[in-house]
Structures are given as structure tokens and as C-alpha cells.
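Colleague: Sequence:
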Amino acid sequence: MPIYTVNIYGIFTSGVASGSTVAQRRARLEDDVRRANEIWRLNDENRINFVIARRFIINRTVNATNMTSDEALMNGSAPTTIINQVRNMTNNAIGIYVIYLSGNGFSNDADSVGGAEPISFVDENNYQFIGQVALTDAALNSDLFAHEVGHVLFARYITNPQNNEIIYNDDDPTGPYTEIDPNTGDLIVVEPYHSRFTDNIMYPITFGTNRNITAAQLELAGTSNIAL
1 MPIYTVNIYG
11 IFTSGVASGS
21 TVAQRRARLE
31 DDVRRANEIW
41 RLNDENRINF
51 VIARRFIINR
61 TVNATNMTSD
71 EALMNGSAPT
81 TIINQVRNMT
91 NNAIGIYVIY
101 LSGNGFSNDA
111 DSVGGAEPIS
121 FVDENNYQFI
131 GQVALTDAAL
141 NSDLFAHEVG
151 HVLFARYITN
161 PQNNEIIYND
171 DDPTGPYTEI
181 DPNTGDLIVV
191 EPYHSRFTDN
201 IMYPITFGTN
211 RNITAAQLEL
221 AGTSNIAL
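With UniProt numbering, the residue at position 213 of the sequence shown is 213, and numbering never jumps.
FYI, nobody ran anything at the bench for these hints, they're computed from the structure.
Model, not experiment: these values are computed from the prediction.
Hints are not guaranteed to be accurate.
To be verified - For each label pair, taking beta carbons as the anchor points, the in silico distance ranges come out as:
#, residue 1, residue 2, range
1, Thr-21, Arg-60, 15 to 21 Å
2, Asn-141, Pro-176, 35 to 41 Å
3, Gln-85, Asn-164, 46 to 52 Å
4, Val-22, Ala-216, 36 to 42 Å
Note that CB positions come from ideal geometry on N, CA and C, so glycine has one too.
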């Protein structure tokens, strides 16, 4: 299996945890990337090599508690507006743009969010993604960045066989994660973009001990056009 490189662009907004000094910002981004590199490997060999490309400081406070995690990455949101400003500074460099937000989590109790955003699109075989990840103060000293990059790298466009429409798909090869109502036995949650295995980094809850990754996940991540 080949080794792929994913460039990481760190963006620190004002007032974030471990973001007051150059040393703190360097340490936080390096810790997140180190954790991702520890996890996204197989048989003690790197398969996805996450590399810090640049760090940016934005003199603007963005409080994550004022938005849900879904709202954070919507077009026109404060985080995506800042990411787009930074993209202009990098001449639309391909990679994952991780923005650090103040506040102890989003308003829907999530601590992080990640996904891919198209910067060009012709059809399902001709498009280009960049990655977007937003981390709150609650994500400090955790494996959440390593989890969110999975959502970025699993993303692709496919043709829906039911109606022949092109759709965004970020299904996890080890999914779906499901929940069953203990009282009725009804299936109440189905998340194909999360792993069903509790020891996997893509399980919907990050415990700090679920750091496994499978060959199928690594193979799919390697097909992302963000992985160079």
C-alpha cells in the first residue's frame, strides 16, 4: 500500500485554548497532527502522512457555543469565511484546513466537525476537494482531529444507483454505526459515515483509547484527491 501525504493548514482564531503564544499554537497543532499520524498507520507503518504546511493567526474571535457543528461548516459561516480567506493566502493549496475556535464545544454538544468541500466540480470523476475541520476548546489534548480527517478523506462524489443523481458520500468502510431503542427494539440511528467498531477511531465517540484503523479505511482514504 503506498504512502500518501496530506498537507495541514492550521488556523488560530483569537482566544482559543493553547493559542495565546507562538509556542502554544505550535504545540497544539503539532499534537493534533502527531496523534493523527500515530493512528492512520498499519502494522506500525505510516500510510497517511499528515504534514504541517503552514500556521495562520486570524485576529477574530469565533465562539463555537453560538453555533451547531453543522452550522460551523456551512457556506458563509464565520469559520468557512476565515478558511476561504486563508485559502486565498495559500493560492487554494490542496490540503486540510483546520480552524481552532474558542468555546467549550458547539451548541449541539459536539466538540469538533470535519468534511470535504469542493473547490471545482465537473462531474463525479472530475472534481477537487479541500478538507475543512473545526475544533473547539473541548478538543484540546484529544484524538478528535484524527477522527475528523477520516470524514474528510472518505468523502467523494458518486452516482446514486436509485436515481442516477450525483451525490456527496463519505461512508466509512467499517460502518454503519447503529443504535437500537432498548424499549422497542426499533432501529433509531443509522450513521454510515461512522464505524460500528468501538475500538475504531471513526466510532462516533472518541474515548482516547479507540485508535484502531483498518486496511479498508486506509485504502479508501488514499483514494481521496486531498491525499497527494
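Colleague: It remains to establish, for every hint, whether it holds in the given structure.
Modeller: Each hint, compared with the structure:
In this structure, Thr-21 and Arg-60 meet the distance hint of 15 to 21 Å, their C-beta atoms being roughly 18 Å apart. Remark: the range hint 35 to 41 Å for Asn-141 to Pro-176 is contradicted by a beta-carbon distance near 29 Å. Checked against the hint of 46 to 52 Å, the C-beta distance between Gln-85 and Asn-164 comes to roughly 37 Å, which is inconsistent with it. At about 40 Å, the beta-carbon gap between Val-22 and Ala-216 stays in the expected band of 36 to 42 Å.
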